[in-house]
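Chains as they are written, first to last, in our numbering: chain A, 1 to 74; chain B, 75 to 345; chain C, 346 to 722.
Each hint should be verified, as a subset may be incorrect.
[To be verified] The calculated lysine-lysine pairs, modelled on DSBU-like cross-linking and capped at a C-alpha distance of 30 angstroms, are:
hint, chain 1, residue 1, chain 2, residue 2
1, B, 328, B, 233
2, B, 285, B, 216
3, B, 328, C, 348
4, C, 506, B, 265
5, B, 337, C, 392
6, C, 506, C, 672
7, B, 256, A, 15
8, C, 693, C, 473
9, B, 325, B, 265
10, B, 325, A, 50
11, B, 116, C, 506
12, A, 15, B, 81
13, B, 116, A, 50
14, B, 297, A, 50
15, A, 14, B, 256
16, C, 643, C, 604
17, A, 14, B, 233
18, A, 50, B, 287
Hints were generated in silico from the structure; no laboratory data involved. For clarity, every value in this text was computed on a predicted model and none was experimentally measured.
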Amino acid sequence: MISSFERHGAMEKKKPVVLVNERYCKGCHICVEFCPTSVFEMRGFTAVVKNPEACIACMQCELRCPDFAVTVSQ
Amino acid sequence: MGFDYGKYIRPGKLPHIWCPGCGHGIVMKGLIRAIDSVGFSKDMTSIVSGIGCASRLPGYVDFCTLHTTHGRGVAFATGIKMAKPEMNVICVGGDGDGVAIGGNHFIHACRRNIDITYLIMNNNIYGMTGGQFSPTTPTGAKASTTPYGNPDPPFDIAKLAIGAGATFVARGTAFHAAQIDKLLAEAMRHKGFSVVEILDSCPTTYGRRNKYKSVIEMMNHLKDVAVPLSAAEKMTAEQLRGKVITGVLYKENKPEYASEYRKLVERVQAG
Amino acid sequence: MSKKVAFMQGNEACAHGAIYAGCRFFAGYPITPSTEVAEVLSAELPKVGGSFIQMEDEIGAMAAVIGASLTGVKALTATSGPGFSLKQENIGYACITEVPCVIINVMRGGPSTGMPTGPSQSDVMQAKWGTHGDHPAICLVPASVQELFTETVRAFNLSEKFRTPVTVMPDEIVGHMRERIVFPEPGELEVVNRPAPTVPPADYRPYDTSFGDVPPLAAFGSGYRFHVTGLNKAEDGFPTTRAGIVQAEEERQVRKIEKATDEIVTWEEYLLDDADIAIVAFGSTSRSARFAVNEARKHGIRAGLFRIITYWPFPEKQIADLASRVKAIITPEMNLGMTLHEVRRCVKGMTPVSGIFRVDGEPIGPAQILAGIREVM
Ligand SMILES: Cc1ncc(C[n+]2csc(CCOP(=O)(O)OP(=O)(O)O)c2C)c(N)n1
Ligand code: SF4
Ligand code: SF4
Ligand code: SF4
Ligand SMILES: [Mg+2]
Numbered sequence: 001m002i003s004s005f006e007r008h009g010a011m012e013k014k015k016p017v018v019l020v021n022e023r024y025c026k027g028c029h030i031c032v033e034f035c036p037t038s039v040f041e042m043r044g045f046t047a048v049v050k051n052p053e054a055c056i057a058c059m060q061c062e063l064r065c066p067d068f069a070v071t072v073s074q
Numbered sequence: 075m076g077f078d079y080g081k082y083i084r085p086g087k088l089p090h091i092w093c094p095g096c097g098h099g100i101v102m103k104g105l106i107r108a109i110d111s112v113g114f115s116k117d118m119t120s121i122v123s124g125i126g127c128a129s130r131l132p133g134y135v136d137f138c139t140l141h142t143t144h145g146r147g148v149a150f151a152t153g154i155k156m157a158k159p160e161m162n163v164i165c166v167g168g169d170g171d172g173v174a175i176g177g178n179h180f181i182h183a184c185r186r187n188i189d190i191t192y193l194i195m196n197n198n199i200y201g202m203t204g205g206q207f208s209p210t211t212p213t214g215a216k217a218s219t220t221p222y223g224n225p226d227p228p229f230d231i232a233k234l235a236i237g238a239g240a241t242f243v244a245r246g247t248a249f250h251a252a253q254i255d256k257l258l259a260e261a262m263r264h265k266g267f268s269v270v271e272i273l274d275s276c277p278t279t280y281g282r283r284n285k286y287k288s289v290i291e292m293m294n295h296l297k298d299v300a301v302p303l304s305a306a307e308k309m310t311a312e313q314l315r316g317k318v319i320t321g322v323l324y325k326e327n328k329p330e331y332a333s334e335y336r337k338l339v340e341r342v343q344a345g
Numbered sequence: 346m347s348k349k350v351a352f353m354q355g356n357e358a359c360a361h362g363a364i365y366a367g368c369r370f371f372a373g374y375p376i377t378p379s380t381e382v383a384e385v386l387s388a389e390l391p392k393v394g395g396s397f398i399q400m401e402d403e404i405g406a407m408a409a410v411i412g413a414s415l416t417g418v419k420a421l422t423a424t425s426g427p428g429f430s431l432k433q434e435n436i437g438y439a440c441i442t443e444v445p446c447v448i449i450n451v452m453r454g455g456p457s458t459g460m461p462t463g464p465s466q467s468d469v470m471q472a473k474w475g476t477h478g479d480h481p482a483i484c485l486v487p488a489s490v491q492e493l494f495t496e497t498v499r500a501f502n503l504s505e506k507f508r509t510p511v512t513v514m515p516d517e518i519v520g521h522m523r524e525r526i527v528f529p530e531p532g533e534l535e536v537v538n539r540p541a542p543t544v545p546p547a548d549y550r551p552y553d554t555s556f557g558d559v560p561p562l563a564a565f566g567s568g569y570r571f572h573v574t575g576l577n578k579a580e581d582g583f584p585t586t587r588a589g590i591v592q593a594e595e596e597r598q599v600r601k602i603e604k605a606t607d608e609i610v611t612w613e614e615y616l617l618d619d620a621d622i623a624i625v626a627f628g629s630t631s632r633s634a635r636f637a638v639n640e641a642r643k644h645g646i647r648a649g650l651f652r653i654i655t656y657w658p659f660p661e662k663q664i665a666d667l668a669s670r671v672k673a674i675i676t677p678e679m680n681l682g683m684t685l686h687e688v689r690r691c692v693k694g695m696t697p698v699s700g701i702f703r704v705d706g707e708p709i710g711p712a713q714i715l716a717g718i719r720e721v722m
């Protein structure tokens, strides 16, 4: 059995995967603005993932994107 | 780890019609999470709306959905609930839909206390028709039909609902996205007419004409004006000026209309 | 077993006809001279497990009726002039979404508040053209208490069969008069229920024309999930602006009724076989006309009566045929020439057509019709 501490440690090793669905993104800037670690930037009219390593899996982007365009998975 | 909206969104219906940064999409996500958390079955849940940008919501979600006429969503929903009380009935729409043209249906549904959850996406404007003022547009604000500033005083939807007899009234904002599902879930669990007003943003027709330069400014405005009820209770009237109180504002248990009517039917049938 | 016989008012008979037809939901708003329909149903519906709701206005009542019908329940509303006007937007909604429902409009004088207690026949054009856009219309105009019962049953049957709103329009006199009525036994009159879908839920499309011009309608809460909108829609029920689809759907909605005209249209002929003069009338006016025809015949005038029972679709063929057989047609009606206009359209100049109109809240009596007959002789 692994301890909760170990499990936490194991989880931390799994990197969150942030994806922007370009077909859905309307370029509102919301994810760019509200990501606490500046993972996104705008490229033309769509958001793109610029710093995937910085993601702390806070889920703000997924929660706030009005267009179902951002997903964060592990 | 994220929420799987795909379980509830109808295949092939995205992207939706709403403008970049329109708060309606954020609210729709909250509604989906709320339905998921209360466990309403898709087959036994009906989502009804009137007309407007907000009222386009039902087309995207996989339930028994009804997009009706302007302002009449609550009245159609009343027919569904009365004819099939075992269905979960949710009505959604905008501020214009709900408290201008639909105001009469709204207050009477409150009065009856019929078990319908009514989600009002209040963006303070008639978005769909290009930004005419609505009954919730602040006095002085610019709209396409108030070029010199709005001469009308606005409604407070929550007060209107409480005054008319709704037994659950809550308010949230599109900025406080994580709270939307909590408020809606509690509203859905409540037996009676529940009203959830979400202060929303229409960057295209409201923000543009008023002082909000961007989608983000509108979102930040929602963040700034909202004061949770618990905090508001400790604030003075002066401190609360220009603020909007959020959270569950009113809750009361009272006989619910559709089930009371069923009791009447049983009484009559028993002779 | 002898049949149940009663002496009752037209509006009461209408309410009982609705129950006989399987109506289990009523939503309305009180208005003279239709209110008795609501009053009787507020008492009768709970007895059969149905629901009655008095709404905040006629708009809401029409909305609630459509909502109820979408759950698979037969639903009714009853109103009069001003209320009929208020219902129009949602009647259009029922037309385009193809949701069965029945509207009783007991005709009183108008426009506007007009003459609340006076009889009228001036809503017949509104029954066809009242809501905006192209749409089908079925409208029945009974002339007796018994017929108000049976036509209400037929209205439900047509509405269920063709997935469309159906209007029953007695004038105030028919709605309020008291007559003997013989209640049909259960099973004696046909009762039609809308066909249920035969495909599994995953394959269901609410406007699937592979089932013909009237696709089956599933009920909300029956395992079938679908979308209903008042926007122009495709076969799957979702909004579309694709020109070809919109055109085809609009045409189908009108066609489904048009091509069933022979099946829907009903009328009664009285002493027309050898007639020189035909009276074309409906509702209470047709009762006076029958009397006038008898009187005319006593004076050697060969008059006859063509009584319209189905006003929409209008009995075009029958009126055209009538025109080829008689020397003159007279249309007495409690309006300023609505039926005259329709009849002339069908007659196409073959025969002279004249009208007798009355809009002062008084019925058109036999003497007035008889005078009209004499005039064209
Ligand atoms: C009977 C009727 N009157 C007017 C309209 C035009 N109309 C469509 S949507 C709308 C306003 C919608 O505003 P709101 O309900 O606030 O929704 P929003 O678009 O802001 O989300 C109006 C006036 C209509 N469709 N039907
Ligand atoms: S929040 Fe969504 S729609 Fe807006 S820019 Fe980011 S991904 Fe695009
Ligand atoms: S989950 Fe949080 S940290 Fe990660 S990208 Fe989204 S907003 Fe940024
Ligand atoms: S007009 Fe306003 S309310 Fe309508 S979709 Fe655009 S931003 Fe949203
Ligand atoms: Mg609005």
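Worksheet item: When the hints from earlier in the document are held up against this structure, which numbers fail?
Response: Violated hints (numbers, rising): 3, 4, 6, 10, 13, 16, 17; every other hint is consistent with the structure.
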